[in-house]
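Student: Use these hints to put chain B onto chain A, whose structure you have.
Residues per chain, in single letters:
2 protein chains.
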Amino acid sequence: MHDTTPTSLPRRRLLTGGATAVATAGLAGLHGQALAQAAAAPAAAKPLPGYAGWKNADAVVVHSSTTIETKRSAFGTSVVTPTNQLYVRNNLPTPADTIVADRDAWQLQVSGVKQPRTVSLRELKTMGLETVTMVLQCSGNGRGFFPSKPSGTPWTVGAAGCVTWSGVPVRDVVQALGGLMDGVPYMTGTGGEVLPAGIDPKTVIVERSVPVAAMQDAILAWELNGEPIPLAHGGPLRLIVPGYTGVNNIKYIKQLAFTPKESDARIMSHGYRITPPGGKGDPSQPSVQEMSVKSWINSPVPEDGAQAAGTVQIHGVAFGGLHGIKGVEVSLDGGKTWRAARLVGPDMGKYAWRQFVLQATLPKGKHVLASRATDDRGNVQPETRGENQSGYNNTSWADHAVTITVA
Amino acid sequence: MHDTTPTSLPRRRLLTGGATAVATAGLAGLHGQALAQAAAAPAAAKPLPGYAGWKNADAVVVHSSTTIETKRSAFGTSVVTPTNQLYVRNNLPTPADTIVADRDAWQLQVSGVKQPRTVSLRELKTMGLETVTMVLQCSGNGRGFFPSKPSGTPWTVGAAGCVTWSGVPVRDVVQALGGLMDGVPYMTGTGGEVLPAGIDPKTVIVERSVPVAAMQDAILAWELNGEPIPLAHGGPLRLIVPGYTGVNNIKYIKQLAFTPKESDARIMSHGYRITPPGGKGDPSQPSVQEMSVKSWINSPVPEDGAQAAGTVQIHGVAFGGLHGIKGVEVSLDGGKTWRAARLVGPDMGKYAWRQFVLQATLPKGKHVLASRATDDRGNVQPETRGENQSGYNNTSWADHAVTITVA
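Chains A and B supply the protein sequences, listed in that same order. Mapping of the first sequence onto this note's numbering: position 3 corresponds to residue 3, and the numbering continues sequentially without gaps. Mapping of the second sequence onto this note's numbering: position 21 corresponds to residue 21, and the numbering continues sequentially without gaps.
Please note that a few of the clues may not be correct.
Copies of the same chain look alike in the list, so a pair counts if it fits in one copy or across any two.
Within a straight-line C-alpha distance of at most 35 Å, the following computed DSBU-like cross-link-like pairs (lysine-lysine) qualify [as the list claims (entries may be wrong)]:
id	residue 1	residue 2
1	K125	K364
2	K366	K125
3	K114	K364
4	K364	K254
In case anyone wonders, no lab produced these hints; they're calculated from the structure. Given the structure is predicted, the values throughout are model-derived calculations rather than measurements.
Just chain A, with the same shape it has in the complex (with noise of 0.2 Å):
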């Protein structure tokens, strides 16, 4: 699948546990769960780019240089998502490596405060201390379900991740220099990325502003999964907004602005608007912001192969956005009937994602099979996709089923 990609290390660990098994890594190749992968994989599968060689190559799918997926099959049971299986969606170039060498000194402007200032990275860390877990997740995740195809990358489901941060609440480096000012609706965040010469830097910087009640759980962070941010993610410091999705997520955040109107740049006064199909974005539509309530089954998915007949666990993650999940059902027949699922694993807080599982007996034949979520103020995962024109929150049940053969 990978043997062409130079940095296949984490895959050797997957499979055969130790970077001694070069010798047998190519056997191991051909057992299991890997061959059915294997028959299931694109013929050409795109190397890992530079920045993201250390991912591991078995556990997602390289549709760009700047747009890496988790596959459905890789996700597991454990809750977080491990770091080097998480999805990259980057909306420019990688900043150099260079930013992540003395991560300390790294500066962020903050503004909209009544003592605005620029403040270290090694002075963030003495202001707070908080630790969130959240499902981030792309605004396009679910795009390849749109039959309208819509341009941009057609993730399935793996443009999604619940990983855990920390860093300093917003509201502690606010509280720090004096306060809000009056009249700043907007929290604006503003990525630290080299910017290409000779454009309009407003029409490519990404720079985002959701509601300033958003600080309330908001985090300036510098940790991932228990390891400094990869460069990958957004090291050395980002902006962390959870239930929003990922592009609100500033990284190599440098300036943390308190607004009274919405950014001006391009990223958010036309990117990221739920727009009619065949239509133009526009800062009069709706901002793609909040997430909400949805699920998807991770096995048995058609990446396995053909099932045994008899007694399976289906599994999977439902979450819920800002809210809490309350409950998830599993279909068996598409949709016909629906079973309470059981949640399973530990309950990481309202931003974070449960694990469901159904078990469930599958005779020979053809199934498919569904979940829908339910979150803790009552919103139920609808069964069908709001049509937007790029392709947006895509949370259909329909759209995520599966149909698995029971051979």
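Tutor: Coordinates of chain B only, in the frame set by chain A:
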């Protein structure tokens, strides 16, 4: 530090974010914390053994080819310990990686049930699914603080981690095999390591018994932190007994037996016993099994170098073994006075550790920082260790205190 280690990919990720960073890795190594750690590192750090060559060399101390410790300064604040920095302690040489080439074909022999038989991992996966997060801790963690210098690895705090396992509940397997036989007060697991030739197997085999009541929350696990269990950590199948020290969580498990008596293997009958100082282990002494309430500070620690005067976020971890954590206190004066710390981050259940943080302002000078945890039964972490010949079960808060310098 580890420039001679051929498998330093994770280190480069940690510091510079990408596998393309070879050219700058040397430079990065001279900055910030890395510099302080380099100064504190032993002159001749051992390289990672091949089966664990994928570990983050910068985050661990290699004591020997079978004993690898997480650095106190590397724990971070994300609750779950990343697998690439989780400690390793193997009682026997690691099996050949051929045993993880076809994981689902692994066979487990189950006895002491009404329908004893051999079950494949493939079949175990159909029997049930549960996920548990727990502290995995070597029985000898903290041995390095015993002034008596017991034989064995002188672990300080890093022979422990908080990790997530997925697998089938042991009770589901027992139920599928007809239920327990009568008169079996012990659950006995046997590891699948290849034993050295010419030696009585009972003197070296890894076989441990725990009270059958521990079955209630035990699982037979195939996944660790979202990936198939690496060989270094007991893959393809490991018995997980939450709340019990590491040795009771049998790697490469080949036999699960419900037995009328404890195993007579030497590691059970004479090893891992609470033996009076100067004595020899025997079956009449308490076996090292359940963990009890313990905590320690991970930052600031001397390895981080001198601290700047001013505000500091003192943080660490606390766990209760079989019980959850009720609270943690921190002392800035070596235990004379205590302040209540704040628990932060997700609560992953009673077997996991909690993170605690105390914000404090430290003037110039030396400070002895200590932490003291209380579990939800009201058990308080003791000041002193329980002396024993082999240096097991050190929970002393005084031993785990750190002396830091504020400049």
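Student: Could you place K364 and K254 in one of the four classes (within, between, both, neither) given a Cα distance threshold of 35 Å?
Tutor: Result: close only across copies, 32 Å inter versus 56 Å intra.
Student: Between the shortest in-copy and the shortest cross-copy C-alpha distance, which are at most 35 Å for K125 and K364: within, between, both, or neither?
Tutor: between (57 Å within a copy, 19 Å between copies)
Student: At most 35 Å between CA atoms: does that hold for K114 and K364 within a copy, between copies, both, or neither?
Tutor: between (68 Å within a copy, 30 Å between copies)
Student: Up to 35 Å between alpha-carbons, please classify K366 paired with K125: within, between, both or neither.
Tutor: So K366 and K125 pass the 35 Å test across copies only (21 Å; inside, 54 Å).
Violated hints: none; the structure is consistent with every hint.
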